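J.: Build out the structure end to end from the sequences listed, making use of the hints.
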Amino acid sequence: MITFENVNKFYGDFQVLKECSTHVNAQEVVVVCGPSGSGKSTLIKCVNGLEPIHSGKITVNDVSVGDKATDLNKLRARIGMVFQNFELFPHLSVLQNIRLAQEKVLNRSQSDSLDRAHALLERVGLSNQADKFPSQLSGGQQQRVAIARGLAMDPVVMLFDEPTSALDPEMINEVLDVMVQLAQEGMTMMVVTHEMGFAKRVADRVIFMDEGQIVEDEKTDVFFSNPRSDRAKDFLSKILNH
Amino acid sequence: MGAFDFAVIFDNLPFLMKGMQTTLLLTALAMFGGIVLGTLLAMARISSITVVSVVAASYINFFRSLPLILVIFWFYFLVPLVLGQPVGGFYSVLVAFTLFEAAYYAEIIRAGITSVRSGQFQAARALGLSYAQSMRFIVLPQAFRAMTPVLLTQGIILFQDTSLVYVVGLKDFLVSAELIANRDQRLIEMFTFVAIVYLIISYSASQGVRLLQRRMQR
Numbered sequence: 001m002i003t004f005e006n007v008n009k010f011y012g013d014f015q016v017l018k019e020c021s022t023h024v025n026a027q028e029v030v031v032v033c034g035p036s037g038s039g040k041s042t043l044i045k046c047v048n049g050l051e052p053i054h055s056g057k058i059t060v061n062d063v064s065v066g067d068k069a070t071d072l073n074k075l076r077a078r079i080g081m082v083f084q085n086f087e088l089f090p091h092l093s094v095l096q097n098i099r100l101a102q103e104k105v106l107n108r109s110q111s112d113s114l115d116r117a118h119a120l121l122e123r124v125g126l127s128n129q130a131d132k133f134p135s136q137l138s139g140g141q142q143q144r145v146a147i148a149r150g151l152a153m154d155p156v157v158m159l160f161d162e163p164t165s166a167l168d169p170e171m172i173n174e175v176l177d178v179m180v181q182l183a184q185e186g187m188t189m190m191v192v193t194h195e196m197g198f199a200k201r202v203a204d205r206v207i208f209m210d211e212g213q214i215v216e217d218e219k220t221d222v223f224f225s226n227p228r229s230d231r232a233k234d235f236l237s238k239i240l241n242h
Numbered sequence: 001m002g003a004f005d006f007a008v009i010f011d012n013l014p015f016l017m018k019g020m021q022t023t024l025l026l027t028a029l030a031m032f033g034g035i036v037l038g039t040l041l042a043m044a045r046i047s048s049i050t051v052v053s054v055v056a057a058s059y060i061n062f063f064r065s066l067p068l069i070l071v072i073f074w075f076y077f078l079v080p081l082v083l084g085q086p087v088g089g090f091y092s093v094l095v096a097f098t099l100f101e102a103a104y105y106a107e108i109i110r111a112g113i114t115s116v117r118s119g120q121f122q123a124a125r126a127l128g129l130s131y132a133q134s135m136r137f138i139v140l141p142q143a144f145r146a147m148t149p150v151l152l153t154q155g156i157i158l159f160q161d162t163s164l165v166y167v168v169g170l171k172d173f174l175v176s177a178e179l180i181a182n183r184d185q186r187l188i189e190m191f192t193f194v195a196i197v198y199l200i201i202s203y204s205a206s207q208g209v210r211l212l213q214r215r216m217q218r
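Here the protein sequences come in this chain order: A and B.
Everything in the first sequence is counted per the working numbering, starting at 1 for the first residue and increasing by one.
Everything in the second sequence is counted per the working numbering, starting at 1 for the first residue and increasing by one.
Derived by calculation from the structure, the hints in this document are not laboratory data.
As the structure is a prediction and not an experimental result, all values here were calculated from the model.
Even for Gly, the Cβ is constructed at its ideal location relative to N, Cα and C.
Watch out, some of these pointers could steer you wrong.
Derived, one-sided and incomplete: chain A residues facing chain B with beta-carbon distance under 7 Å [what the hints assert, rightly or not]: (1) Asn48; (2) Leu50; (3) His54; (4) Ala77; (5) Glu87; (6) Ala101; (7) Val105.
T.: Here it is in structure tokens:
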């Protein structure tokens, strides 16, 4: 589904990604974790080309992201993305947020986009908030709308960039619940998160990054029970011990 | 006949109203044209294509470095020359004001666009919207909402600046009043009246903007 081959990326002289190679299979849930500044958010933003890479290759469904011949807009329409700060469009209602790209990118009719939006709001448990504006919702509700917005495009994969980091603690679970349900339904997911409970529960694999490198890429139970590198052990002890 | 005779105003009201119409029409059209052109300039200014950005920046710096009165004067002679036919004073000053104001509007709108969080643009692109669609549906509506008070304030300044068409003799409100003032020898009455009208319109407009600003902050 997604492959990374020797991906390198620089911000000026600073190398954010160093020779990153990995893959995400169809219907697989892969969690990416690591200390802040390790390049995990950058890695996930390279998948839909929001961040360009300098060398190496990323493919999604055998389409090369960095290839000049690739229609990036068409590819992005099939890759759902959820951001740390939700990034709902504040000047549009919840319903319009979910409908806009369906109509403008997929050319769906108004009635189709409306039906789809209502169905997805129902699914994330927000059908009574359809006509509100993002600022009238709690953080957890906003993030669930953002997930619905991504799902409305019928994506082949969903990318999550620290989806719960900006949330108050009591709202984290309502978002994770939606994500767990999604994972159990077989959605292919790549999730940057510090929520190790979520990783243990639904992730097939865990990728651990540090200083721009993929340090570990293991099945979930192996990663948690027997991390090989000291850096991963150190990270896990810090994040799990309280 | 006393020292002051304000009847001269009422006697010539239709003529003055016609002048005011010219002033308001010029303000509205130049504001509209300036905002449209200014939006294009602002987007060109922030373009990642260096040539486009440099051309836009040069345009903006050029017009912001010239006195308005010079631009009005200059275009009065230039526009008919470029078009190869006389166009009349109104159209030449309209072109001058539009091109001049566009440079100021461009800077306001550029600030508006950059005030929209970059994540908004990223989210739009991540959904598959093109650059143009992301600008049109996501970034510009938010930028204009944030910038409306500043754009309107610039419009009030424009309203006052239109009186500079005096230099080319276009019959706006001020010139109309001056014609009557000279003809009837009622200079003080007429200019006092003109001052009061400009004051009332500009002051109430800026109070309106303040009200709008306060409502937006809530």
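J.: Look at each hint and say if it fits the structure.
T.: Checked hints:
no., hint, result
1, Asn48, "6 Å, holds"
2, Leu50, "5 Å, holds"
3, His54, "17 Å, violated"
4, Ala77, "3 Å, holds"
5, Glu87, "4 Å, holds"
6, Ala101, "4 Å, holds"
7, Val105, "4 Å, holds"
In summary, the one numbered hint that this structure violates is 3.
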